[in-house]
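Using the sequences plus the hints, can you model the full thing?
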Amino acid sequence: MSRGILGADASDSMKTRAVFVIGIALGAALTVATQGYLGDIWRIYSEDIIYLTKQHIVLVLVSSGLAILVGLPAGILLSRDFMRRYSETLLQVFNIGTTIPTLAILALSITLLGIGFKPAIFGLWVATLLPIVRNVFQGLREVPAHLKEAAQGMGMTPLHILRSVELPNALYVMFAGIRTAVAVNVGTAPLAFLIGGGGLGELIFTGIDLNDMQMLLAGVIPVGLLSMLADYTLAKGQFWLIPRGVNPLRP
Amino acid sequence: METLVFISQNLDLIFERTVQHMSIVFVAIGLAIVTGVPIGILITLNQKAADIVLYIAAIIITIPSIALFGLMIPVLSLIGQGVGYLPAVIAVLLYSQLPIIRNTYTAITNVDPALREAARGLGMTPIQRLRRVEIPLAIPVVMAGVRIAVVMNIGITAIATYIGAGGLGAFISRGISQSDPRQLITGALMVSLLAIASDYFLLWLQKRLTPASSSATAGGH
Amino acid sequence: MIKLEKLSKIFETPNGGTVMAADKVSLEVPEGEICVLLGPSGCGKTTTLKMINGLIPKTSGKIHVAGRDTDTIDPVELRRSIGYVIQQIGLFPNMTIEDNICIVPDLLGWERSKARKRAAELLDLVNLDPSIFLKRFPKELSGGQQQRVGVIRALAADPPVLLMDEPFGAIDPINRAVIQDEFLKMQKELRKTIAFVSHDIDEAIKMADKIAIFKDGKLEQFSSPDDLLARPASDFIASFLGSDRTLKRLSLLKVSDVMLSGRVRVSAEEDVGKARDMMKEAGHKNIVMVGPRGRARGYLHLNDVVEATGTVEEHYQALPTTVNVDADLRTAVSQMFRHDTTWMACVDDDGFFKGFITQRAISHQLGATYRDTLAEDLT
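Sequence lines, in order, name chains A, B and C. All residue numbers for the first sequence refer to the working numbering, where the first residue is 1 and numbers rise by one. All residue numbers for the second sequence refer to the working numbering, where the first residue is 1001 and numbers rise by one. All residue numbers for the third sequence refer to the working numbering, where the first residue is 2001 and numbers rise by one.
These aren't lab readings, by the way, just hints derived from the structure by calculation. Check each hint, because a few of them may be wrong.
As the list claims (entries may be wrong) - Cross-link-like lysine-lysine pairs, in silico, DSS-like; alpha carbons within 30 Å at most:
{"#": "1", "chain 1": "C", "residue 1": "Lys2062", "chain 2": "C", "residue 2": "Lys2210"}
{"#": "2", "chain 1": "A", "residue 1": "Lys148", "chain 2": "C", "residue 2": "Lys2114"}
{"#": "3", "chain 1": "C", "residue 1": "Lys2206", "chain 2": "C", "residue 2": "Lys2354"}
{"#": "4", "chain 1": "C", "residue 1": "Lys2254", "chain 2": "C", "residue 2": "Lys2210"}
{"#": "5", "chain 1": "C", "residue 1": "Lys2215", "chain 2": "A", "residue 2": "Lys148"}
{"#": "6", "chain 1": "C", "residue 1": "Lys2062", "chain 2": "A", "residue 2": "Lys148"}
{"#": "7", "chain 1": "A", "residue 1": "Lys148", "chain 2": "C", "residue 2": "Lys2006"}
{"#": "8", "chain 1": "C", "residue 1": "Lys2135", "chain 2": "C", "residue 2": "Lys2117"}
{"#": "9", "chain 1": "C", "residue 1": "Lys2215", "chain 2": "C", "residue 2": "Lys2062"}
{"#": "10", "chain 1": "B", "residue 1": "Lys1048", "chain 2": "A", "residue 2": "Lys236"}
{"#": "11", "chain 1": "A", "residue 1": "Lys148", "chain 2": "C", "residue 2": "Lys2117"}
{"#": "12", "chain 1": "C", "residue 1": "Lys2218", "chain 2": "C", "residue 2": "Lys2062"}
{"#": "13", "chain 1": "C", "residue 1": "Lys2188", "chain 2": "C", "residue 2": "Lys2003"}
{"#": "14", "chain 1": "C", "residue 1": "Lys2354", "chain 2": "C", "residue 2": "Lys2274"}
{"#": "15", "chain 1": "A", "residue 1": "Lys148", "chain 2": "C", "residue 2": "Lys2003"}
{"#": "16", "chain 1": "C", "residue 1": "Lys2248", "chain 2": "C", "residue 2": "Lys2206"}
{"#": "17", "chain 1": "C", "residue 1": "Lys2274", "chain 2": "C", "residue 2": "Lys2248"}
{"#": "18", "chain 1": "C", "residue 1": "Lys2254", "chain 2": "C", "residue 2": "Lys2185"}
{"#": "19", "chain 1": "C", "residue 1": "Lys2006", "chain 2": "C", "residue 2": "Lys2210"}
{"#": "20", "chain 1": "C", "residue 1": "Lys2188", "chain 2": "C", "residue 2": "Lys2117"}
{"#": "21", "chain 1": "C", "residue 1": "Lys2024", "chain 2": "A", "residue 2": "Lys148"}
{"#": "22", "chain 1": "C", "residue 1": "Lys2117", "chain 2": "C", "residue 2": "Lys2139"}
{"#": "23", "chain 1": "A", "residue 1": "Lys148", "chain 2": "C", "residue 2": "Lys2248"}
{"#": "24", "chain 1": "C", "residue 1": "Lys2139", "chain 2": "A", "residue 2": "Lys236"}
{"#": "25", "chain 1": "C", "residue 1": "Lys2210", "chain 2": "C", "residue 2": "Lys2024"}
{"#": "26", "chain 1": "A", "residue 1": "Lys236", "chain 2": "A", "residue 2": "Lys54"}
{"#": "27", "chain 1": "A", "residue 1": "Lys236", "chain 2": "C", "residue 2": "Lys2135"}
{"#": "28", "chain 1": "C", "residue 1": "Lys2185", "chain 2": "C", "residue 2": "Lys2206"}
{"#": "29", "chain 1": "C", "residue 1": "Lys2218", "chain 2": "C", "residue 2": "Lys2206"}
{"#": "30", "chain 1": "C", "residue 1": "Lys2354", "chain 2": "C", "residue 2": "Lys2003"}
{"#": "31", "chain 1": "C", "residue 1": "Lys2185", "chain 2": "C", "residue 2": "Lys2003"}
{"#": "32", "chain 1": "A", "residue 1": "Lys148", "chain 2": "C", "residue 2": "Lys2135"}
{"#": "33", "chain 1": "C", "residue 1": "Lys2185", "chain 2": "C", "residue 2": "Lys2139"}
{"#": "34", "chain 1": "C", "residue 1": "Lys2062", "chain 2": "C", "residue 2": "Lys2024"}
{"#": "35", "chain 1": "C", "residue 1": "Lys2188", "chain 2": "C", "residue 2": "Lys2274"}
{"#": "36", "chain 1": "C", "residue 1": "Lys2006", "chain 2": "C", "residue 2": "Lys2024"}
{"#": "37", "chain 1": "C", "residue 1": "Lys2139", "chain 2": "A", "residue 2": "Lys148"}
{"#": "38", "chain 1": "C", "residue 1": "Lys2024", "chain 2": "C", "residue 2": "Lys2215"}
{"#": "39", "chain 1": "B", "residue 1": "Lys1048", "chain 2": "C", "residue 2": "Lys2139"}
Note that the structure is predicted; figures quoted are calculated from it, not measured.
Below, the structure is given as structure tokens:
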């Protein structure tokens, strides 16, 4: 469960390549096949698409950025020895937390903060934060005890052990958590419109309500492309940012 | 407090929508098991096919649910089913493929080679081996995949209310559009409780289905 | 160099009780010696070791390392001055072999180039080509190679003292023997003071200058391997060492320790009658025939030549086997049994005849210890 639903495995880099190739191929095929149709959509909605895409990207970047910013230190803090007594309980809480559907989280954030951009960011932030904290915590806890013992036995200070031994060796699991969390975030971001947070959800939900297929697709296509782009970027990051010695994706 | 009053006054409606919600999830996941498990078994025969099938399933799962619903509306409109029950079931069915196919595939490829060897030594045919050794050993791991699929799709089904599929999400959508926190909280709580309860129930079931001796291999995800 | 005085450790158990993991352990490891802490699991040997570098805080007692009371040294600084090797090796997977080896030199603030040069030298020392291995990651090395790197990493900053916690426990028996031999060879030159935890008696006998046997947190006996095998201080130690402990002593003794002089010998052209007289005079049943320069060539058996005449060359038989004077007695005895003989000619590396050993002489040597003990007891 810790590696999440999008958990990366050895075939991952091939997957990302496939996503990219299929994405481009699909886009190209669609462009050719429906040039007139998509062209019409673009003519009608280009201004909305550009404006809402920007808004959408801001929603995703701000909420997931804040989630990483808070989730990393929180996960590190929970994994320290002095928290050991509470960590099991907290882990249970996080497990339950990640089970809660994202729509429910957004709905609950309305009751706290009302309608608008802020509650949308808050809801997305909560939905993204929990898997990050959980994976950072688990990644650090799974670092073999003998590595920490060897480090301590050689005279490393606790901070040095965290920086040079624990974090690098937990990085893969931590990154997998961030990737899962961002995927959840990107998947939930269209719902932000429902609570007044704007974004591409506006075109999708309004399109559904008005039974306007062009408007619907004007939202669906950028959302789909954004999600693929996000996953692709993170997969690349996972491949290149994690040192070779602890990256199962790299030989 | 108001919410509790609302809940006590609307128990029938809550019950009805819970049933509606779960019927989408159950039907779709039932279908996903019927399709995903055989696919997971079949692709153990061919590495290349396995890679391709797992890629596609992994790509599907990255598509945001509302985008998938949106994509299905124009397609299913052709048969007059653009909104409602059918697209919801199809979406859940598609999202469930990755965890179910992947776990089936992993479980079967991870069966201890010594056991396979022993089964062959006892004179079992490949079909007998599959039925009497590999599938029984794979069940707990497949169950872990089903559990992931159920929990995930309870959330996705809540969103399906926006394409007219009903379910508990209707409390949330009405709550938002009518600015009624009672309905909003009721919906959010019920969906969350349903997801958490299903998670625990399926975890319990998964443990019961795990033979004590092979619990180490059944952790799954 | 390492001195423990009444060192104790009391652990609290989760259910509120206490366990005496180490009970007033006192021992001293002189400079340049290997002391093996030996005993069954849970006997306190590892606890004792880890108290030396403070990984486990002691409850009471004193520890002196290199003449300094460890209470007066900051634990982090102390650990940087003591090499530490663990069973799981503990190479950091995120660092290259070079960075792994340079950890302590870097911590001590060595100049970068000096530390890297040291890493290359150390790899050379254990026969790993630096040009190949420096930039590799631990996962690219075999278990035996990783273990070697684990050992040289502990030696990187040239600490006078090493603590080793079952350092060769995770390797297969064949590689283990090779690495043990390599390590002993290194130790001959490096002369580190080493505390070494093991649960393997054979390893202890092979590696140790002194063995400390632990049971239930108490130091039961502290003596040299031969002494330990010859005079186990209690029934527990005797049974822990095994009923074949006297045989284990064989590997501690060399052929030269029990060899009888080879001055009695004949050459090929000498008269059989002379050989017969020499045997009778010395009380031997056999005599070795040597070549012109003194190489062992064959032998005569007294019963075969009682009536014989002529030269030795006309009557000699080939030697069934010979043994090197530097071999241990375990090898020698094994060879005797294999060839069903009660004596063997001993030769040096070039095949020159040096003397002979007999089963009687070996059992006499092993038994001497016990007779001495008996004599002491009687007086």
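Hint check results:
1. C/Lys2062 / C/Lys2210: Roughly 20 Å separates the two Cα atoms, so the pair holds.
2. A/Lys148 / C/Lys2114: holds (26 Å)
3. C/Lys2206 / C/Lys2354: holds (26 Å)
4. C/Lys2254 / C/Lys2210: Holds, at roughly 19 Å.
5. C/Lys2215 / A/Lys148: holds (28 Å)
6. C/Lys2062 / A/Lys148: holds (26 Å)
7. A/Lys148 / C/Lys2006: Since the Cα atoms of A/Lys148 and C/Lys2006 sit roughly 29 Å apart, the hinted pair holds (cutoff 30 Å).
8. C/Lys2135 / C/Lys2117: Within the cut-off at roughly 13 Å; holds.
9. C/Lys2215 / C/Lys2062: holds (20 Å)
10. B/Lys1048 / A/Lys236: Distance ~22 Å between B/Lys1048 and A/Lys236 Cα, so the pair holds.
11. A/Lys148 / C/Lys2117: Since the Cα atoms of A/Lys148 and C/Lys2117 sit roughly 26 Å apart, the hinted pair holds (cutoff 30 Å).
12. C/Lys2218 / C/Lys2062: holds (16 Å)
13. C/Lys2188 / C/Lys2003: Holds, because 22 Å separates the two Cα atoms, which is no more than 30 Å.
14. C/Lys2354 / C/Lys2274: Answer holds: C/Lys2354 to C/Lys2274 is near 21 Å, not above 30 Å.
15. A/Lys148 / C/Lys2003: holds (27 Å)
16. C/Lys2248 / C/Lys2206: holds (10 Å)
17. C/Lys2274 / C/Lys2248: With Cα atoms ~41 Å apart, C/Lys2274 and C/Lys2248 exceed 30 Å; violated.
18. C/Lys2254 / C/Lys2185: At roughly 18 Å apart (the allowed maximum being 30 Å), C/Lys2185 and C/Lys2254 satisfy the hint.
19. C/Lys2006 / C/Lys2210: holds (19 Å)
20. C/Lys2188 / C/Lys2117: holds (23 Å)
21. C/Lys2024 / A/Lys148: holds (29 Å)
22. C/Lys2117 / C/Lys2139: holds (23 Å)
23. A/Lys148 / C/Lys2248: Between A/Lys148 and C/Lys2248 the Cα gap is close to 38 Å, so the pair fails against 30 Å, i.e. violated.
24. C/Lys2139 / A/Lys236: Distance ~22 Å between C/Lys2139 and A/Lys236 Cα, so the pair holds.
25. C/Lys2210 / C/Lys2024: Holds - the C-alpha atoms of C/Lys2024 and C/Lys2210 are around 19 Å apart, at most 30 Å.
26. A/Lys236 / A/Lys54: holds (23 Å)
27. A/Lys236 / C/Lys2135: holds (24 Å)
28. C/Lys2185 / C/Lys2206: holds (12 Å)
29. C/Lys2218 / C/Lys2206: OK: C/Lys2218 and C/Lys2206 at ~23 Å, within 30 Å.
30. C/Lys2354 / C/Lys2003: violated (43 Å)
31. C/Lys2185 / C/Lys2003: Holds, at about 25 Å.
32. A/Lys148 / C/Lys2135: holds (23 Å)
33. C/Lys2185 / C/Lys2139: holds (27 Å)
34. C/Lys2062 / C/Lys2024: holds (10 Å)
35. C/Lys2188 / C/Lys2274: At roughly 48 Å apart (the allowed maximum being 30 Å), C/Lys2274 and C/Lys2188 break the hint.
36. C/Lys2006 / C/Lys2024: holds (4 Å)
37. C/Lys2139 / A/Lys148: Holds - the C-alpha atoms of A/Lys148 and C/Lys2139 are around 18 Å apart, at most 30 Å.
38. C/Lys2024 / C/Lys2215: At roughly 12 Å apart (the allowed maximum being 30 Å), C/Lys2215 and C/Lys2024 satisfy the hint.
39. B/Lys1048 / C/Lys2139: holds (27 Å)
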